[in-house]
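Peer 1: Once you have looked at the hints, place chain S on chain V.
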Amino acid sequence: MTNHSSSPSADTPRDASRPGTLWIDFDLLDRQIIDLAGNKLGKVDDIELVTGADGRLTVSDLLVGQSALGRRIGGWVGRCMHGIAERLRPEQDPPPLRIPFEHVTQIDSEITVGLRAELFPTPPLESWLRDKLIGRIPGARDESQ
Amino acid sequence: MKRLIGITLGILTAIGGFVDIGDLVANSQAGARFGMRLAWVVVLGVIGICVFAEMAGRVTVTSRRPVFDLIRERLGPRLGLVTLVGGYLVTVLTLGAEIGGVALAIHLATSVHYLLWMPIVAFVLWVALWRVKFETLERMFGLLGLALAVFVIAIFSLDVDWSTLGHELGSRPPDSESWTTYGYFAVALFASAMTPYEVFFFSSGGVEEGWKRSDMITQRANVFIGFPLGGLLALGVMVCSAVVFEPLMVSVDSLGQTVLPVALGLGKLGLAVVLLGVFSATFGAAMETGLSAGYTVAQYFGWEWGKRVAPRQAARFHTVVLVSIVIGAALLLTTINPVQLTEYSLIFSAVVLPLTYLPILVVANDRDYLGDQVNGRIHNTLGVIFLVVILIAAIAAIPLLIATGAGQ
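Each protein sequence line maps, in turn, to chains V and S.
Start counting the first sequence at -10; every next residue gets the next number (this note's numbering).
Start counting the second sequence at 1088; every next residue gets the next number (this note's numbering).
Just chain V, same shape as in the assembly (with noise of 0.2 Å):
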């Protein structure tokens, strides 16, 4: 997979005579964020974009979490999947999690980010099973392999 060298520019279609560039769609959006020991983040759900002085959009996060791609399916399913998301969170109309793209080390079929997963915060759905469920039942805490 294409490896960037800089900031990929939003409005450039995949190129292939020049390698630098990432196709949002194709390369970014919907791809397993990984950490550096290989756990897993989520996925890239959506990306928010600013524009630079130049007036060139570029990526500046990645969006992750279900209330980011509800938003992005859109219609009703996603609305309910957004409305179920922010209704786990304990704080009013909380922001998604936000990985800046400048922690991005490499696209790859992953894209891994260069920080520890424990940097972040828990997902919501995760924490309240972890502490309602899962985590009550025996054994929970031994890897079985």
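The set of hints was computed from the structure by calculation and includes no laboratory data.
Glycine included, each C-beta is placed from N, C-alpha and C at the ideal position.
Warning: the hint list may mix true and false statements.
Chain V residues, not near chain S, derived (Cβ > 12 Å throughout) [said to hold, decoys possible]: (1) 43; (2) 46; (3) 94; (4) 108.
DEER-style ranges, computed between Cβ atoms [as the list claims (entries may be wrong)]: (5) V:27 / S:1468: 30 to 38 Å; (6) V:64 / S:1219: 50 to 58 Å; (7) V:130 / S:1265: 30 to 38 Å.
Peer 2: Relative to the frame of chain V, chain S by itself:
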């Protein structure tokens, strides 16, 4: 030498693991009503699963990503969600059918009603997926599933009229049947060989075991030797059923009938062995479908999944597995006939097959992912031909289900 043993063990596991409740039900029903007239569908289905499993294996080895992970990436979040919902529902339906199969096998051995066994089976299944080292279990049940070879052995002790069976190969449906029932059972047989959970499971397992390029030979041997020999067991079930039930015009609607030819041919000992085989094949498949249900959801959303991490670290994945087992068991508690549940799971599998196999074919052509392992011309020709067949089966499945009143 060690490698050879490893490969042999893998092949044996693949043979035993190939047959599940879907194959048992579809082959014995088709055998009873159509003799060997539908045998070609089993052969077609086995070739199809070989083509796509090999492709999925190649994709997994080179991209280190399981198949369902790629489905969303290639189909986008919306169509990916449709595939997730369809694939998940079919997997849970199949899980229910497998749990029913395990309970029925114990029922036949103990005479205690299967609905009493069912909660115990569901609980043991969950404990197995929660606690036990998975590779050991998979291997054990795969090898014990080889006991189903008694279906092939039983043929030789039954009074088989080979020329009649030979004439049936590829011929039109008998007078007692119509072309629509013929089509209905053809779709069910095809789906039984190509069940979607098999590729979800197979590729996720490959990622967890960390397949490398050097494992490709082992993996190909499993697919190209293991699956066809597994298909041979499925054909054994069909022959047995064709010999015993077709002349009597009896249709098969219980698992007891499926195993009856073995009891007739080989007596009590044969019956004991075949019940062990059915138990192992269905329990092994129940583990695979239970995990696959978790894989599909977790891989769509990008959650942590698998047995390498402690359950606490993959709470969402383990919750999906737990809930799926409960739903599967609840389906059976409606007292639906497990054989009928199996039929439905096969027909609905056929419907979601294109969405499962199309992304595999697309990704297997992606040079960025696969490099020199990308699909060649033969792969693509076979892949496209089978995709057309899969599409026909998918479109025909529901109309045939309605037109025949579920094969009546």
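Peer 1: Hint by hint, say whether it matches the structure.
Peer 2: The hints, checked one at a time:
1. The Cβ of residue 43 of chain V sits about 29 Å from the closest Cβ of chain S, beyond the 12 Å cut-off, so the non-interface label holds.
2. No beta-carbon of chain S is positioned within 12 Å of the beta-carbon of residue 46 of chain V; the least distance is around 21 Å.
3. Here residue 94 of chain V stays apart from chain S, with its beta-carbon at least about 17 Å from theirs, past the 12 Å limit.
4. Listed as a non-interface residue, residue 108 of chain V keeps its Cβ farther than 12 Å from every Cβ of chain S; the least gap is roughly 16 Å.
5. Distance hint for residue 27 of chain V and residue 1468 of chain S: a CB-CB separation of about 37 Å, consistent with the stated range 30 to 38 Å.
6. Under the hint 50 to 58 Å, the C-beta atoms of residue 64 of chain V and residue 1219 of chain S, about 42 Å apart, miss the expected range.
7. Distance hint check: the CB atoms of residue 130 of chain V and residue 1265 of chain S are about 59 Å apart, inconsistent with the given range 30 to 38 Å.
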